[in-house]
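Mind docking chain B on chain A? Use the hints.
So the protein lines, in turn, are chains A and B. Going left to right, the first sequence walks through residues 12 to 220 as the numbering used here numbers them. Going left to right, the second sequence walks through residues 12 to 220 as the numbering used here numbers them.
Check before you lean on any hint, since a few could be wrong.
[What the hints assert, rightly or not] For lysine to any residue, the following SDA-like pairs were computed, each having C-alpha atoms within a straight-line distance of at most 25 Å:
no., chain 1, residue 1, chain 2, residue 2
1, A, K13, A, A31
2, A, K131, A, Q96
3, A, K176, B, L87
4, B, K33, A, Q96
5, A, K13, B, Q96
6, A, K131, A, A153
7, B, K131, A, A148
8, A, K131, A, T19
9, A, K176, B, D70
10, A, K176, B, E86
11, B, K33, A, S109
12, A, K131, B, R152
13, A, K131, B, A153
14, A, K33, B, R101
15, A, K13, A, G71
16, A, K33, B, E86
17, A, K131, A, C61
18, B, K13, A, G174
19, B, K176, B, D90
[Unchecked claim] Footprint (simulated), chain A over chain B, 3 or more residues, beta carbon under 8 Å:
no., stretch
20, 78-84
21, 88-102
22, 149-158
23, 196-202
Source of the hints: derived by calculation from the structure; they are not laboratory data. Beta carbons are placed, not taken as given, at the ideal position from N, Cα and C, and that holds for glycine.
There are 2 protein chains.
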Amino acid sequence: MKLYDCATAPSPRRVRIFLAEKRLTVPTVQVDLRNGEQFTPTFRALNPACTVPVLELDDGATITDILSICRYFEELYPDPSLIGQSPEERALIGSWLSRIDWDGFYGAMDAFRNSTPGLKARALPGPEPYEQIPALAERGRARVQHFFAWVDARLAENEFICGPKFTIADISGMVAIDFAGWARLTPPEHMAHLRRWHAAVSARPSSKA
Amino acid sequence: MKLYDCATAPSPRRVRIFLAEKRLTVPTVQVDLRNGEQFTPTFRALNPACTVPVLELDDGATITDILSICRYFEELYPDPSLIGQSPEERALIGSWLSRIDWDGFYGAMDAFRNSTPGLKARALPGPEPYEQIPALAERGRARVQHFFAWVDARLAENEFICGPKFTIADISGMVAIDFAGWARLTPPEHMAHLRRWHAAVSARPSSKA
Chain A
12 MKLYDCATAP SPRRVRIFLA EKRLTVPTVQ VDLRNGEQFT PTFRALNPAC
62 TVPVLELDDG ATITDILSIC RYFEELYPDP SLIGQSPEER ALIGSWLSRI
112 DWDGFYGAMD AFRNSTPGLK ARALPGPEPY EQIPALAERG RARVQHFFAW
162 VDARLAENEF ICGPKFTIAD ISGMVAIDFA GWARLTPPEH MAHLRRWHAA
212 VSARPSSKA
Chain B
12 MKLYDCATAP SPRRVRIFLA EKRLTVPTVQ VDLRNGEQFT PTFRALNPAC
62 TVPVLELDDG ATITDILSIC RYFEELYPDP SLIGQSPEER ALIGSWLSRI
112 DWDGFYGAMD AFRNSTPGLK ARALPGPEPY EQIPALAERG RARVQHFFAW
162 VDARLAENEF ICGPKFTIAD ISGMVAIDFA GWARLTPPEH MAHLRRWHAA
212 VSARPSSKA
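Just chain A, with the same shape it has in the complex:
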């Protein structure tokens, strides 16, 4: 198998951290997003959505969704468990993941992609040249602030996002917060729980993956 990655991008970082927590190494190919390698015919043949990460299996099948790649590795290598050990646990972790994507990841994406001069007509990842929408950058900033607030409230009562155990939700949450930093959005000083947790998850060796 082969992981198509981009060392500087937030989406594949979620997979890299996940693999590091599992102590797995996978042969990796760097895709030069900055110079548009994702739009070449070769890469489009691999993933018509022109995004990374992509996990190419030995039979040529391609897994193009972050969480599907992580779940695939979790099924193959269940220890340490990062996605839950029972149907209930998996469903609850999945629900938190979805909320993190919704306000955290999509909010940061809208804030960053709709306001960065170098990303004109790149307001969404993928092959279509969607123009920036300034009001969407504004909305993204608001969504990220709400994200900060609910994660902080959640962490007032839990060591990690899903409870007492580190899970994939902490990986996604940390990456979403760091991505929000690209749009100059950082958790306010007074959110002590969020800041305590962010420092702790960032101190894990996996965060450098």
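Showing chain B alone in chain A's frame:
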């Protein structure tokens, strides 16, 4: 357990069809989205994101994400399989689901919510009053057209979205297309594969769930 539903809404419809295909019935509570029941303190306590579907388990835990609810039932009741029978199959179906959400569901949502007079300040589901952005309605319409095109191309070579078997991707794809219809977006006449498939999945008794 208890499923919080809204009989007219596309998101819980995905769960209802999934359950119908599994021949499962779950005690259901209708939430009156039209009159804002999702914003009442009672419902917020259940799901602070103010969305349906929600599956409340007997211990009070709440699963608030569509796909997590479906996966939970798939794990409990594996037959008929709708999400894949091996790690590879689950990862590939998950990748198609993610593409369907991305352009199909989010495109339809943006097109509809940002252009419907009755949804002012309701441009996103959830508790925050985000204003409509006309340019986002426009972008949503474009995304849906791309969605139609890739699904049609996919169905030129496959009976169903993931291949020879009906899966959860067909449920999500059909609901996304019907939701796009709320924004008066329908697959063009010339997309014969898409129309053939849409007629076939719509003819299944589950589609009425």
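Cross-check of the supplied hints:
1. A/K13 to A/A31: Measuring from Cα to Cα gives roughly 16 Å; hence the hint holds.
2. A/K131 to A/Q96: It is violated: about 43 Å lies between the C-alpha atoms, which goes past 25 Å.
3. A/K176 to B/L87: Holds: A/K176 and B/L87 sit about 24 Å apart, inside 25 Å.
4. B/K33 to A/Q96: Holds, because 23 Å separates the two Cα atoms, which is no more than 25 Å.
5. A/K13 to B/Q96: Roughly 22 Å between the alpha carbons, so the hint for A/K13 and B/Q96 holds.
6. A/K131 to A/A153: Answer holds: A/K131 to A/A153 is near 21 Å, not above 25 Å.
7. B/K131 to A/A148: Holds, at about 19 Å.
8. A/K131 to A/T19: holds, 19 Å
9. A/K176 to B/D70: With Cα atoms ~20 Å apart, A/K176 and B/D70 stay inside 25 Å; holds.
10. A/K176 to B/E86: holds, 22 Å
11. B/K33 to A/S109: holds, 24 Å
12. A/K131 to B/R152: holds, 20 Å
13. A/K131 to B/A153: This hinted pair holds, its Cα atoms lying about 17 Å apart.
14. A/K33 to B/R101: holds, 20 Å
15. A/K13 to A/G71: holds, 10 Å
16. A/K33 to B/E86: Measuring from Cα to Cα gives roughly 23 Å; hence the hint holds.
17. A/K131 to A/C61: Distance of about 17 Å is within 25 Å: holds.
18. B/K13 to A/G174: With a Cα-Cα distance of about 23 Å, the restraint between B/K13 and A/G174 holds, given a limit of 25 Å.
19. B/K176 to B/D90: holds, 13 Å
20. 78-84: With 5 residues close enough to chain A, the hint holds.
21. 88-102: With 4 residues close enough to chain A, the hint holds.
22. 149-158: holds (count 4)
23. 196-202: It is violated: at least three residues are needed, and the stretch 196-202 of chain B offers just 0 whose Cβ sits closer than 8 Å to chain A.
The structure fails to meet hints 2, 23 from the earlier list, while all remaining hints are met.
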